[in-house]
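Student: Top to bottom, those sequences are chains D and U.
Quick note: the first sequence, position 169, residue 182 per my numbering, numbers continuous.
Quick note: the second sequence, position 38, residue 39 per my numbering, numbers continuous.
Wrong hints could be hidden among the right ones.
Mimicking DSSO-like on lysine-lysine, the simulated pairs with C-alpha atoms at most 30 Å apart in a straight line are [said to hold, decoys possible]:
hint : chain 1 : residue 1 : chain 2 : residue 2
1    : U       : K14       : D       : K179
2    : D       : K123      : D       : K51
3    : D       : K179      : U       : K119
Taking beta-carbon pairs under 10 Å as the criterion, some of the chain D residues facing chain U (in silico) [claimed, not checked]:
hint : residue
4    : V59
5    : I61
6    : D65
7    : N84
8    : G87
9    : G147
10   : I150
11   : V152
12   : V154
13   : A158
14   : A164
15   : L165
16   : M166
17   : G174
18   : A175
Simulated from the structure, these hints should not be mistaken for laboratory data.
Computed from a predicted model, the values in this text were never measured in an experiment.
Cβ coordinates follow ideal geometry from the N, Cα and C atoms, glycine included.
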Amino acid sequence: MFENYDELNEIQIDMLREIGNIGAGNAATALATILDEKVDMSVPSVRITGFDEAVENLGGAESLTVAVLVNFSGDAHGMIMFLLNVEDAKGIMDILVGEDESDEELSEMKISGIKEIGNILASSYVNAISALTGLTIEVSVPYVAIDMVGALMSVPIIEFGAIGDKLMFIEENFLGETNDLKSNMIMFAEINTLKVIMQKLGLEI
Amino acid sequence: MSQSIVIGISDYKLAKGPEVLVTYALGSCVGVCLYDKVSKVGGLSHIMLPDSTNFSSKDFNRKKFADTALVDLVDEMKRAGCGNNRIVAKIAGGAQMFEVQPGSKLGAIGERNIICVKQVLSQLRIPILAEDTGLNFGRTQYFDLATGIMKIQSLNRRIEEF
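Looking at chain U on its own, in the form it has when it is part of the complex (with noise of 0.2 Å):
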């Protein structure tokens, strides 16, 4: 895997198979995996907060939040080639890395992360395939264009396939 390309956080890349795009070690944030098989476009995006309608500032970077790193990564996707309903999801990631006490929004931002990331694929009709979100441990994800796999490394689990 020598040659991935390392998405770092908030921030998204896309590429064609048979290149791997990389993103490491995501705790809370959420690493969206896009890919059309046709033409073997995909994208990753490492999604570090929810939504960006609470930051009035313009200058906001749109690919720290779901709702406009999303709509923005599968725009690139089409301009790319990629099919209007061809486009599939795989997400991984939105872990509470911390057992802070029940409802303290420092806990809860993994999951409103993934909630958020779900409602912005539904919105732009994109089915996801495949996700291992949640629990209490760090992700590194790969995405293999070639095949579409996304990969999920953890510490104390095996290397799995989606």
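Isolated chain D (complex conformation) (with noise of 0.2 Å):
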């Protein structure tokens, strides 16, 4: 049994990264569809670090980030972040709705669809994991926000750090083909919903 994330066993985090291939393979499926381009996928990342390495990964503290955050709750509780750079989430949005003439800014409405995508994918990725475990999940609606990626890091660091020194979050990297836009989604999950996901999946905890 674990109270912490980085108790967690190989067998566990081998579970994980299934669930974070599942989920957020539908989501990568949505995205596709939504920029009608190919979308690769990496291999889900299970990490389990500390506060200060998990925002360098992310590209270091003060790195200019657009996130996406959906809540979950219901009989799982956690967090899906969906992050990008300004000209990623400028490119995406160029694909959907033309380019305007603010070269600099992403303009409000950019903002909006890009909000709108992050829901999206968080859903799918959602449903997928609701599909595979028969867990009832409910969505937040999505919060947006523009900053240094490590203060937007903050309020999952907050929420799922209070306990223990560690952060633990799945992440895939999206990379859509013909435009090369990188995109990120990381998830997060409270110790009790990993344990309960476990036990639904048929692992001994």
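Each of the two chains sits in its own frame; use the hints to bring them together as a complex.
Tutor: Given below as structure tokens:
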């Protein structure tokens, strides 16, 4: 039985990687449909890291990032973040609604479009986990912010880092093949939720 | 600022002028600068959560919580020669990074961090000389121990000195 993220064993981590694969696989399909191009997904990484290391892995504390955050609750509790840099966010919205004159800032309309894409991807991710486990999981409305990634990450770090000094998240990178658009999806879950999911999937814990 | 001493999340460090302390990209966390201008000894604490009393586990990280981190940092500063009544504070951070629904605990944590930091500083009888807190953006906090000036850098604002 584990009480902290750094007590997860290899079998449990493999199972989390598979959950990430199924959730993000579904999200990548949704993204490919939205962009109407092929989207490659990386092998999911289960990261169990210190707080600073987590931020470092996402490009360094001060790197400018667009983040969409969705909470999930019900039988499972956690958070999904869809992260991308400003250029890629613009690139995605240029495909969807065409280029506009402003060449630096993301317009309000484009930010709102990214928020909706994050919402669709997070819902796809959660729906896949829900179908796999039979758990009833509700997702919140999406929230969007553009800031230094360290400041954005303070939200899940505070939420999931209260106990222990390690954070666990499952990470996948998406790459839209035609236009080289990169994005990143990370999922956090409460310790108890990990236990519930593993039990549902028949793992002795 | 290439020689700045970096303070990570839920950590604190102390040093002496002319060193510069820095903590990057505070979001809902609160950065607390403590300073004694006579000895030029100062500390910077990157606080993640308000109070440790809900955590029964005895081996929790004391540098994570306002109630334990600030007490410990003040003790260390006094051992490093800071006068009893000379320590002053400047604080930054505690933002609400996402516009979540009112009443959500997710939205309130930055504010709770600020309130708790202020309570602990008040109990320690440390005056707050300046603050740049709340709102909805991240802040990088530099603390110059030669002068006691706190500099705040954020995305859509010029660098401000406190």
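Student: Which of the stated hints cannot be reconciled with the structure, identified by number in ascending sequence?
Tutor: 4, 5, 8, 9, 10, 11
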